[in-house]
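Spelled out from the first residue to the last, the chains are:
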Amino acid sequence: MKIFLKIWRQETREAKGEMKNYVLDDVTEDMSFLSMLDLLNEKLIAAGERVVEFDHDCREGICGQCGVMINGQAHGPLPHVTTCQLHMRSFNNGDTIYVEPFRAKSFPVIRDLKIDRSSFDRMIQAGGYISASTGQAPEANSIPISHKTAEAAFDSAACIGCGACVATCKNSSAALFVSAKITHLVLLPQGKIEADERVRKMIAQMNEEGFGHCSNTEACEVECPQQISVLNIARMNWEFNKGGFL
Amino acid sequence: MDAKIPAGPLSEKWSNYKSHARLVNPANRKKMSVIVVGTGLAGASAAASLAEQGYKIKSFCFQDAARRAHSVAAQGGVNACKNYKNDGDSIYRMFYDTIKGGDFRSREANVYRLAECSASLIDQSVAQGVPFAREYGGYLNNRSFGGVQVSRTFYARGQTGQQLLLGAYQALMRQVNTGRVSLHTRHEMLDLIVIDGKAKGILARNLETGEIERHAADAVILATGGYGKIYYLSTLAMGCNASAIWRAHKKGAYMAGVSWIQIHPTCLPQSGEHQSKLTLMSESLRNDGRIWVPLKADDNRNPNDIPENERDYYLERRYPAFGNLAPRDISSRAAKERIDTGHGVGVMKNAVCLDFSKAIKEQGEKVIEEKYGNLFSMYEKITGINAYKQPMLISPAAHFTMGGLWVDYTLMTNIPGLFALGEANFSDHGANRLGANSLLQACVDGYFIAPYTIPDYLAGELKAEKITTDHPAFDEAEKKAKQQLNNFLSVKGKLSADYFHKTLGKLLYDKCGLARNKKGLEEAIEEIRNLQQQFYRELNITGDDKVNTELEKAGRLADYLELAELMCEDALSREESCGAHFREEFQTPEGEAIRNDKDFCYVSAWEWNGADQPHILHKEPLLFESVELTVRSYK
Ligand SMILES: Cc1cc2nc3c(=O)[nH]c(=O)nc-3n(C[C@H](O)[C@H](O)[C@H](O)COP(=O)(O)OP(=O)(O)OC[C@H]3O[C@@H](n4cnc5c(N)ncnc54)[C@H](O)[C@@H]3O)c2cc1C
Ligand code: FES
Chain A
1 MKIFLKIWRQ
11 ETREAKGEMK
21 NYVLDDVTED
31 MSFLSMLDLL
41 NEKLIAAGER
51 VVEFDHDCRE
61 GICGQCGVMI
71 NGQAHGPLPH
81 VTTCQLHMRS
91 FNNGDTIYVE
101 PFRAKSFPVI
111 RDLKIDRSSF
121 DRMIQAGGYI
131 SASTGQAPEA
141 NSIPISHKTA
151 EAAFDSAACI
161 GCGACVATCK
171 NSSAALFVSA
181 KITHLVLLPQ
191 GKIEADERVR
201 KMIAQMNEEG
211 FGHCSNTEAC
221 EVECPQQISV
231 LNIARMNWEF
241 NKGGFL
Chain B
1 MDAKIPAGPL
11 SEKWSNYKSH
21 ARLVNPANRK
31 KMSVIVVGTG
41 LAGASAAASL
51 AEQGYKIKSF
61 CFQDAARRAH
71 SVAAQGGVNA
81 CKNYKNDGDS
91 IYRMFYDTIK
101 GGDFRSREAN
111 VYRLAECSAS
121 LIDQSVAQGV
131 PFAREYGGYL
141 NNRSFGGVQV
151 SRTFYARGQT
161 GQQLLLGAYQ
171 ALMRQVNTGR
181 VSLHTRHEML
191 DLIVIDGKAK
201 GILARNLETG
211 EIERHAADAV
221 ILATGGYGKI
231 YYLSTLAMGC
241 NASAIWRAHK
251 KGAYMAGVSW
261 IQIHPTCLPQ
271 SGEHQSKLTL
281 MSESLRNDGR
291 IWVPLKADDN
301 RNPNDIPENE
311 RDYYLERRYP
321 AFGNLAPRDI
331 SSRAAKERID
341 TGHGVGVMKN
351 AVCLDFSKAI
361 KEQGEKVIEE
371 KYGNLFSMYE
381 KITGINAYKQ
391 PMLISPAAHF
401 TMGGLWVDYT
411 LMTNIPGLFA
421 LGEANFSDHG
431 ANRLGANSLL
441 QACVDGYFIA
451 PYTIPDYLAG
461 ELKAEKITTD
471 HPAFDEAEKK
481 AKQQLNNFLS
491 VKGKLSADYF
501 HKTLGKLLYD
511 KCGLARNKKG
521 LEEAIEEIRN
531 LQQQFYRELN
541 ITGDDKVNTE
551 LEKAGRLADY
561 LELAELMCED
571 ALSREESCGA
581 HFREEFQTPE
591 GEAIRNDKDF
601 CYVSAWEWNG
611 ADQPHILHKE
621 PLLFESVELT
631 VRSYK
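The listed protein sequences correspond, in order, to chains A and B.
So in our numbering, spot 58 of the first sequence is number 58, and the numbers just go up one at a time.
So in our numbering, spot 255 of the second sequence is number 255, and the numbers just go up one at a time.
In case anyone wonders, no lab produced these hints; they're calculated from the structure.
Be aware that one or more of the hints could be misleading.
To be verified - Covered stretches of chain B, as calculated for chain A (at least 3 residues, CB under 8 Å):
| no. | stretch |
| --- | --- |
| 1 | 131-139 |
| 2 | 230-244 |
| 3 | 269-278 |
| 4 | 392-399 |
| 5 | 474-488 |
| 6 | 618-627 |
We treat Cβ as the ideally placed atom computed from N, Cα and C, and that holds for glycine.
For reference, chain B alone in the conformation it holds in the complex (with noise of 0.2 Å):
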């Protein structure tokens, strides 16, 4: 496995790379063309960047409008270390913040160059009418987010993401007005079409019709996001999939660091059986707020009716040094392990406290309130209550996956000519993403390193052979695809799609989530396979094929039912804890993660064998020259 890193010292990798990427001729770009599925930040950036250049660019996407991929719903911000604060943040310490956080799990080169390309991001996004937000003197405003100890997180309210991604859209709509880019809303990828080795187009389905059409191209870029709704419960939007990977993963490109989600500390908790998704309270809010729980356990008190000496503040009392700014893994296994052991609030004493009441008598209830207003009010709809005079009640839930299509320092997947950018590919956050870096790392895949690995490779294609939709490896996916549509609708079981994907989802997440060990995840391989075999014998799926979304929840459930079971062997096969990887045999007797450098500081990347067969696993040794290893302590 060649992860192609450039020669050089880590801080000259990427100026290398660029001098010597080839380039092709203006002339030539119009003739070449790429599809790019996905509009989130990673696909409408690169889609536009590259219609920019001269390129034929065919986007698309499930949802009705570009512009409702959900990178819109990232509230928190994102990170750039433009050191405005003057706070001593450099290009090497978020580096390193980064490493670290992914606890030595990622390699070095790209999260360097993350790092290194953050900065022309606010740049760029400035320039386009992202209103970020403002000092008073009119310069930008920043803030600190989970896990690192200086500000760096820029934000444009608690709705940075919705800018970010209209920034991305509105530059990706110039691009179809000039013609270049030819949009393709409310389609669904089916197939990746790989011939002679490259990927040369894909299958995909109008949403609206129906109809299955063939699209050929010399490049295929997939950007299509994470996968954490494979948990049902989820912070994740309802479409939401990991089936244009997955196709890809089952046409050969291998999937690394599959069992790596981040299970975010601060959701609303799930309040009764009928719900469909779990919504994030962004993570600035513990900026100011306080997280603790009753120091009794099966304490039925309102919380407000719990004096001072009987809460337990456990993440300020186990992590001093970062308080309640522990990372993500650690303050979502901490909550756990309080929930567990009975000091759990709320109806179904799934939840912690989140607490503003010393913020608001420091600060005023004003300042409080132009920070996080939108936050409170949102709070406020979903649950009938006013924070400002209460605790927050949250609870931990799937959020992000590390993992994804195997990439290599260009972006490329081992299928020469398919690339996977943004949180559809593993790359840079290793075994844990810190908070307000998977916005930039979509941005960065998307502006700044696409524009130039893409042509790269399309530099050499320049003399190959043109492939048409006609070609018969166009005849075969289509006949499969139909295949399997049919198999859907003509079942007729008993149960809907939603059942399956509500008992997949409870079982990974008690199994396969926040922490894991032998056994559970023994069992749940067993478990996954009965219910994939109930799954095609029992699944009702009712309508016709045109505008069918049960039809297109099938096609995802089939795709996350294979992928759960490979979930599963990848957190069996890493023995050791990492990031959000927590395997309950290897811990400290405090309950601290054990990580095993000598045996697995690689990166697991794993190869579809068939569907009967056990998959193949690659090992990407990681090479650390520039950092040491140490234990990722935020004591």
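Same shape as in the complex, but just chain A (with noise of 0.2 Å):
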């Protein structure tokens, strides 16, 4: 099938990007979006231009690399699918389509599709995390965890991280990808203990970061490749209010 393409251009973080024109004639319905690119950038090389340079790694929706919006949607028409799983197939011959990075605040534009997410590994790093030095951990089977609390757990620990929750909200709020980690944390007995301590300071640094506000839209869920809820905001506010209190 034939394929418009508008894709943003931007040499640097500085300079200022613009959205180009790109024509693909035999784009194929089994194709993946991101070979797709791969399709654009070996005619890019053939015409001695710079390639398009965007995000990706694992190709199969769990390293969290890759992320585009496409048509003004954080990975593309399908829901909870991330970009480089997402195929040729839900597009139309003759469709346009418009690629952009992640926008938000927090994800300043690295080179066209490339953004820098750093500010997600500094906010695991203010807390999201159990302190369990290598050589502390007592036996595994000593502390039972209910199969519910185990699954719950997982739910929330599914998250890749990959940033399409802040680039649909209105507010660029991280709270969704902060609220998971944690509730995954919390849910565990291994985790309570530092709860408090965790909530504060990873929500501190979300602030500090330039994250918006979450004013309850939910989308952020609607595009979560991983179905991540927005139950673990609630729980999230909870538990900071609970700190504040108690």
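With the hints as a guide, dock the two chains, each given alone in a separate frame, to form the complex.
Written out as structure tokens, the structure reads:
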């Protein structure tokens, strides 16, 4: 099929970017979206031009490194699918596709579609862990954890850190990302001990990074490739307030 | 070649080592620095554990975040002999399964230690908050995986690697917060700095600014993962590479077991020419899925239309004791044999069926969904097919490299101060890795071995002169690295880096893949050399020396092209079939492998001898004191 592309090109962090037009004639349905960009890049190379830079690695929806806005939607038209898992069968012959980087003040553009998400790392660094140094662990079965609790903790722990939640939020809030980590850890007996400190530190860091506030539009949950629930945000708020009162 | 295996009976070697390893006084630890390249399970766990002890760590990865290392993609699970199921598991049994699975081409002492440390890993991960699957009573659940008869595989749905990695990543970030670890993401190691025979630093390129940075340290750990991406189509991530270990190899570190590549039997088949990777479907599916092909060759019917008596369940037929759970190399080869004889299914006739209808009938769709729900939905996302209604189509794909840098028992290469951990080393898996053993190995290397062996080395370096980055060895390395990058940018030929990668991958898969023979390997070496010449003549890298994916690819490919030749040399020199290495000349009339213990019971460790010189082969004999070498039969 024939696809018209409008892609964001930007040289450096400081440079002004712009949308550029490209046309591909030989796209097939079974191609993934990123293979389609590979194809475009092959053509740019043949023409001696610089390729479109985009982030990706595993190409199976788990590393969280890929992610672009496709026609204004984070990771494109399908719900709960990363950019790398999107296939061209979701588009039609003759479609025009707008491709832009995830946009947020806390995600500066590095070049073209590549962005800097190190703010996510710094929020984890602030407290998104259980302080269990190597060698301290007791026998694993000494603390039984109910099937239900383990499954619920898993649901929150499944976050891949792609940033689609931030990109899709009108306030550029990182509430879903931060709350998923807080909930994952607080549900487990091992993670309860540091819960108050963790929630305070992570939220302080979130504010420092310049992410916006959550205004409960729930758009993040719709885009999240791992279907992380907004209930995590409620849990985070509860943990935060509890820490303040008790 | 001294593997430095400690004295004493097998079960006491590691305790003996630990009791005698040298220590560094806590006050001195902050004066000692270690570079850790790689933030996968091996790298992150080593960096975190060493930082917890008080050492100064510099950690590097090429992705934009440490959490994205390809360990994240492991689905199936991690082995540990907890014997929670009371099914007869023990350290010895796990050791034996692994040695046998590796077709008696690994070191007894290393493998025993792997089994011995396995239980602690589960403890450690649970303490970090890894949400492993639980039984209704609250205790840890597990399942069985290919190649063994006990249940020792712990899992977190189909995302075990991700969950283990997040545990290690969070431990690492905690140490970043203490200031003991400085983290350098979007950095690629370009060279190893060796001074007076010892590893003393690395050269790394900042992938955003293009700057070439110098980093000095008292020891260097490479935990840079596997190089299966050399085949282009593989289950690895796009950026996985051999560059870090290969450049260390060119500085003197030996490469071992180079051609031992595991080709995984359950991946999604290639569906078109533009495909860039093959997605793995977890092997755990083989617990409930049955593998078959049409009995008749060139059968074009839809799999659901083929009646029971016209299906060939070839694994159950050939290997009744293990059936669909036969080890990976055996399953992959059996699939290839069926596909090559015209029994393949799917559009490109390159797949076999993995059928859940019997399991669904027996256990109900709900149970199957709970076990494999995310895998079924992933399958549907990619192929558009509902596997509850139709068999999955699967085919073999390059997956895991048993080979890597040669290391001794302490995980140190033959260059003092250079250690290799995780998939980057050759150590525990012999000629074939058992499923769910490599997450374990990466973790055990990083959490439990390096924290003893690296201090032991550093204790001997306390008085050594500190190297600074103005040492001439850095100047020289930087000059060379810059020259190479400029070279790539100035060829201005007509062909992209991907063109070369795809060509190399296909060539290797055909001639140095599931099955090899002398003629094919000799041809491959010739073809690789030609491709290499063409690469330096006709490569086209556009763009600048800052953010440039194509420039990164070129560097990786230059190394792959050299490594590919050594893989073929390695496969050629080993005139036997063992594990993943199947030489067609060495098989029984029924097509089973013939191993030759008399002549080949050794590890092939190769020394770089300059670009125009053949590699030098060193042999580390494998001595078996606790097990008897048997034919690895799964019949
Ligand atoms: C799809 C898939 C599924 C798997 N499933 C299982 C399973 O179920 N059970 C199991 O036991 N094993 C499984 N494995 C194997 C297992 O995941 C790996 O062997 C293991 O995770 C490797 O860990 P590692 O730390 O050695 O390397 P990796 O996790 O690959 O990490 C490599 C690190 O090195 C860095 N790096 C690499 N090159 C450079 C360079 N030149 N410069 C700077 N940094 C560099 C990367 O950025 C990364 O941080 C699977 C593998 C794959 C591909
Ligand atoms: S490339 Fe890893 S999630 Fe898309």
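Taking a Cβ-to-Cβ distance below 8 Å as contact, does the stretch 269-278 of chain B have at least three residues touching chain A? holds (count 6)
Stated coverage of the stretch 230-244 of chain B by chain A [criterion: 3+ residues, CB within 8 Å]: holds (count 3)
How does the stretch 474-488 of chain B fare against chain A when you require at least three residues with a CB closer than 8 Å, holds or violated? Three-residue rule not met by the stretch 474-488 of chain B, so violated; n is 0.
Against chain A, does the stretch 392-399 of chain B show at least 3 residues with beta-carbon separation below 8 Å? This one is violated; 0 residues, fewer than the three required, reach chain A with a Cβ under 8 Å.
8 Å C-beta criterion, at least three residues: is the stretch 131-139 of chain B covered by chain A: holds (count 9)
Whether chain A covers the stretch 618-627 of chain B (at least 3 residues having a Cβ closer than 8 Å to its Cβ atoms): violated (count 0)
Comparing the model with each numbered hint stated earlier shows that hints 4, 5, 6 do not hold.
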